[in-house]
Amino acid sequence: MSTYTSATDADRRAMLDAIGVDSIEALFADIPAALRLDRGLDLPAGLSEQEVYAHLRALAARNVSTEDEISFLGAGMYDAYVPALIDSIILRSEFLTPYTPYQPEISQGGLQVMFEYQTAISELTGLPVSNASVYEGPSAVGAAGYLAKLTNGRPRVLASRGVHPHSRETLTTLSHGYGQTVEEIPLKDGVTDIEALKSALADDVSAVVLQQPNFLGSVEDVAALTAAAKEHGALVICACDPVPLGILQPPGEQGVDIAVGEGQTLGNRLDFGGPSFGFFAAAQEHIRRMPGRIAGETTDVDGRRGFVLTLQTREQHIRREKATSNICTAQALNALAGVIYLSWLGRDGLVELGELLVQRTAYARERLAQIDGVELLHEAPVVREFAVALDAPVGAVVERLVSEGINPGYMLATDYPEYENGLLIAITEQRSRAQIDRLAEALERALVAERAATVGAGAGAQA
Amino acid sequence: MSATVPTQPVEGLPMQRDEIKTIYERSVEGRRAFAAPPLDVPVKPLDELIPAALRRSTPAQLPQVSEPEIVRHYNRLSKRNFDLDTGFYPLGSCTMKHNPKLHERVAGLPGNARLHPLQDPARAQGALELMHGLQESLGEIAGMPHVSLQPSAGSHGELAGLLLTRAYHEDRGEQRTKVLTPDTAHGTNPATVTMAGYEVVKVGTNADGGVDVDDLRAKADDSVACLMLTNPNTLGVFDPQIEEIARIVHGVGATLYYDGANLNAIMGITRPGDMGFDIVHFNLHKSFTQPHGGGGPGAGPIAVSDRIAPYLPRPQVVKREDGTFDLEHDIPKSIGKLRGFQGNYGVFVRSYAYIRSLGAEGLREASEIAVLNANYLLALLRRAGVAEYLPAAFDRLCMHEFVLSGAPMKRDLGIRTLDLAKRLLDHGVHPPTVYFPLLVDEALLLEPTETETKETLDHFADVIAEILAEAKADPEIARNAPYTTPVRRLDEAGAAKKPVIRQPL
Chain A
4 MSTYTSATDA DRRAMLDAIG VDSIEALFAD IPAALRLDRG LDLPAGLSEQ EVYAHLRALA
64 ARNVSTEDEI SFLGAGMYDA YVPALIDSII LRSEFLTPYT PYQPEISQGG LQVMFEYQTA
124 ISELTGLPVS NASVYEGPSA VGAAGYLAKL TNGRPRVLAS RGVHPHSRET LTTLSHGYGQ
184 TVEEIPLKDG VTDIEALKSA LADDVSAVVL QQPNFLGSVE DVAALTAAAK EHGALVICAC
244 DPVPLGILQP PGEQGVDIAV GEGQTLGNRL DFGGPSFGFF AAAQEHIRRM PGRIAGETTD
304 VDGRRGFVLT LQTREQHIRR EKATSNICTA QALNALAGVI YLSWLGRDGL VELGELLVQR
364 TAYARERLAQ IDGVELLHEA PVVREFAVAL DAPVGAVVER LVSEGINPGY MLATDYPEYE
424 NGLLIAITEQ RSRAQIDRLA EALERALVAE RAATVGAGAG AQA
Chain B
12 MSATVPTQPV EGLPMQRDEI KTIYERSVEG RRAFAAPPLD VPVKPLDELI PAALRRSTPA
72 QLPQVSEPEI VRHYNRLSKR NFDLDTGFYP LGSCTMKHNP KLHERVAGLP GNARLHPLQD
132 PARAQGALEL MHGLQESLGE IAGMPHVSLQ PSAGSHGELA GLLLTRAYHE DRGEQRTKVL
192 TPDTAHGTNP ATVTMAGYEV VKVGTNADGG VDVDDLRAKA DDSVACLMLT NPNTLGVFDP
252 QIEEIARIVH GVGATLYYDG ANLNAIMGIT RPGDMGFDIV HFNLHKSFTQ PHGGGGPGAG
312 PIAVSDRIAP YLPRPQVVKR EDGTFDLEHD IPKSIGKLRG FQGNYGVFVR SYAYIRSLGA
372 EGLREASEIA VLNANYLLAL LRRAGVAEYL PAAFDRLCMH EFVLSGAPMK RDLGIRTLDL
432 AKRLLDHGVH PPTVYFPLLV DEALLLEPTE TETKETLDHF ADVIAEILAE AKADPEIARN
492 APYTTPVRRL DEAGAAKKPV IRQPL
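First to last, the protein sequences are chains A and B.
Okay, so the first sequence: first residue is 4 according to my numbering, each after it adds one.
Okay, so the second sequence: first residue is 12 according to my numbering, each after it adds one.
Do not rely on the hints blindly, as some may be mistaken.
As the list claims (entries may be wrong) - Result set (DSSO-like, lysine-lysine): computed pairs, CA atoms no more than 30 Å apart in a straight line:
id	chain 1	residue 1	chain 2	residue 2
1	B	Lys421	B	Lys330
2	A	Lys325	B	Lys230
3	B	Lys330	A	Lys325
4	B	Lys421	B	Lys344
5	B	Lys32	A	Lys325
6	A	Lys233	B	Lys509
7	A	Lys191	B	Lys508
8	B	Lys230	B	Lys189
9	A	Lys325	B	Lys509
10	A	Lys233	A	Lys191
11	B	Lys483	A	Lys325
12	B	Lys508	B	Lys90
13	B	Lys508	B	Lys421
14	B	Lys230	B	Lys213
15	B	Lys344	B	Lys330
16	A	Lys233	A	Lys201
17	B	Lys483	B	Lys509
18	B	Lys483	B	Lys90
19	B	Lys32	B	Lys509
As the list claims (entries may be wrong) - Under 7 Å between C-beta atoms, here's a sample of chain B residues computed to sit facing chain A:
id	residue
20	Glu30
21	Arg43
22	Pro128
23	Pro132
24	Phe405
25	Thr467
Think of the hints as simulated: they come from the structure by calculation, not from any bench.
All C-beta atoms in this analysis are idealised placements derived from N, C-alpha and C, irrespective of residue type, glycine included.
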């Protein structure tokens, strides 16, 4: 057992003497006796460091990670490669262990990182104003909805069914608090049904929420959807996958007001879902309604360049109930990983990575579509993810592939009952052609086997 | 200004004072770090795959830099940060305790770091067992059995708490409109109230630093949904009236919310559930050692009482009768999701490791020493030469943190709390939280935590005395401090007036 404390018995005596009490117990005199816990906490006894390590290692060994199988799981987080230089930098105590930079004179490192990060996000999204991070992707969508509510106060929000189910549910949860209702716009041919959007739009719509590429992997015509929303003065919120933004038209050029997204693939680990970071960028007119920290450039009394947290009159510690958000601790370290990653990719690398994903995904899509029993769910353009429908029970097929060391993807019916045997397949730069071929071969075998099993079972039933 | 202005740090470690270009200013056409893996599939013209109209016409202007340049850039930038591993960080209400180094190792195990959040629960049993274990431990510490790990930070936990409160009342057919918060509350409390669609009503503070119970009684009625409270509160005072407060709040049918930012004072000593609270959030990046990362990541799990449990966010981590662990999505009255997936699992690993290291006795000892250290530091600052300028806001024992007022210092020495804070920087010490709580004029909020040594506290008190003595001789020195930091006082007003928040490229 360790408490990471250093107080010796002699220290304790000297300190109690200085305080003028005779026991540590006396320091808790304000807590009424009836409220004192008269027993020890019912927790396992403390362990030595090596015992804790052994225990944690044993637990971790019971997880099947992307190091243990060939994984095509995506659906919001991806098995992207994290370059080694990120670990080496973010484990530096000067980045790992400070608090939020409330004292800018001794926090220039972190503040400049925020400024560099904001610049990168602004470049990616084509929007001039970025904050220094929010929690993660789906809650960033929720935060964007709140900004729309603050901006126009209208009661309705329209969210495409192509928006990540977690984002839609988070938006619904949060908006119930501040008094907006979320309605869904259906998909047609794999993309948001623009006619359905147009008929749902009216002057009481606060915001339209899109995702690029959408949950089925499709590249949306965001500009056309945005134009429809603007006819009714609604704001447009677009949740974007950041790596594809290296090759796709940036939301800022499409008229989008607020671009948000999940930053995990920018140098952050899967970590079973977090911590990662969310990014949040907006048009200039929203600068004083933004949530979260924003770093700004300024000068010190000697005229030297420096950075500070700025526009703090938006924030909870200054404005309290009039703040534009309640966010305090966000994801600074994960955003640092993000800006290191984007610097590592560089201007050309971001494009090359995007094109690699497009080509490998196109190959995988075509390869799988040739298999008897596999149909594409849609023909829309895709970047890193695509959806298929199987002619056999998807759960059973997935089990067969898993037993061969391949995790073929996400079963769509979990969130989309209309795609009963749908499978969402993600390709990352870590999935080679050879692995894609293995997936295709295993999937073909599994479908044949599943058909045979069904026929066999049918025959058995008849006999 | 005095002629004796220091230019070298009085003590502590020198930081990087050279101005550092941004990563964009280091960019040189043609440089790169990234080598793409081979394009091992038949290549098609991009136009066939994604129409040109949907594509980008000009690349994002990311920097062009080599790996050695990136490493040197960020390493040099890191040397412009002060950090907890380097020096004392008594930032009140932030619980800047030591971050055990084991935790980075276990969080980085591939079975954790490379585990996909949508992995079949049957093949993520270790992760789910860890989360379940953490839920059980936090529930026991809070004295409330039902835990959701999902919220990402304290303020996210607060929002969860008020949305749970709303669901609870709505389920009973009630529409309540107000939430009470003490005037000493953390800023996140009132901000959260607004985001959750409620109206803030402030409750006053009595002469002892506790809730003004008469004011509470006058404001508590059936339009009140919740009282949000921190106990010990931001004045470092444990409010002994808590049972009475709970009676009043429950008497009008409202919920009682515990802001767990100050939990470090009471682990294993008293429990929010036993005090009558319905909902508590934990800041895993405070009491439970997640490194703060310069502004996150953190995590803000919540624990709730039986009557709030049906509304918890989904999914819930559960243990099935056969001993396996699972994610339960079928929670009919759930408020829904607050974010994607299951929460900040990497943070859970660190906090779980901490709780397993300390065990019940260790957690209690941590709180005891945290309170001992705070009271010792308070006692040291009651010395002559300090107490007359920086009196304690409340003349009594404190819990894990305490508040001083710089009002006499401002009046008698002509330096403000801000000046004292800035002069501390020259001594290699992070200043306390300043100008909070709002209730105290020129406030300083100090929280030393249990992991600091007696020598560190002695030294800090000496430094405070020295700065005050120096100010008595020449207040200009503090007024113009700091001198030795990477930059000196910055023009914050100018930054806000004409915001430059990205680099033009």
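Check: Holds or violated: Lys230 of chain B with Lys189 of chain B, Cα cutoff 30 Å?
Finding: 10 Å, holds
Margin query: Need the status of pair Lys233 of chain A, Lys201 of chain A: alpha-carbon distance at most 30 Å?
Written below: 11 Å, holds
Check: Can we keep the Glu30 of chain B interface hint, with Cβ of chain A closer than 7 Å?
Finding: 6 Å, holds
Notebook entry, point to check: Given the proposed pairing of Lys330 of chain B with Lys325 of chain A, does the C-alpha separation stay at or below 30 Å?
Noted result: This hinted pair is violated, its Cα atoms lying about 42 Å apart.
Check: Does Thr467 of chain B meet its interface restraint, that is, does its C-beta lie within less than 7 Å of any C-beta in chain A?
Finding: 9 Å, violated
Notebook entry, point to check: Would the stated hint for Pro128 of chain B survive a check requiring a Cβ distance to chain A of less than 7 Å?
Noted result: 3 Å, holds
Next item on the list: Below or equal to 30 Å on CA atoms is what counts here, so check Lys483 of chain B against Lys509 of chain B.
Entry: 37 Å, violated
Item checked: Hint consistency between Lys483 of chain B and Lys325 of chain A [alpha-carbon to alpha-carbon, up to 30 Å] -> Roughly 40 Å between the alpha carbons, so the hint for Lys483 of chain B and Lys325 of chain A is violated.
Next item on the list: Quickly compare the C-alpha distance for Lys344 of chain B and Lys330 of chain B to 30 Å and report which way the hint goes.
Entry: Roughly 20 Å separates the two Cα atoms, so the pair holds.
Item checked: Pair hint outcome, Lys508 of chain B versus Lys421 of chain B [Cα-Cα no greater than 30 Å] -> Given that 30 Å is the threshold and the Cα spacing comes to 28 Å, the pair holds.
Note to self: Lys325 of chain A and Lys230 of chain B were given as a pair; does the straight-line alpha-carbon distance stay at or below 30 Å?
What the structure shows: Holds, because 21 Å separates the two Cα atoms, which is no more than 30 Å.
Note to self: Given Phe405 of chain B as an interface hint, is its Cβ closer than 7 Å to any Cβ of chain A?
What the structure shows: 11 Å, violated
Against the hints set out earlier in the document, violations occur for numbers 1, 3, 4, 5, 7, 11, 17, 18, 23, 24, 25.
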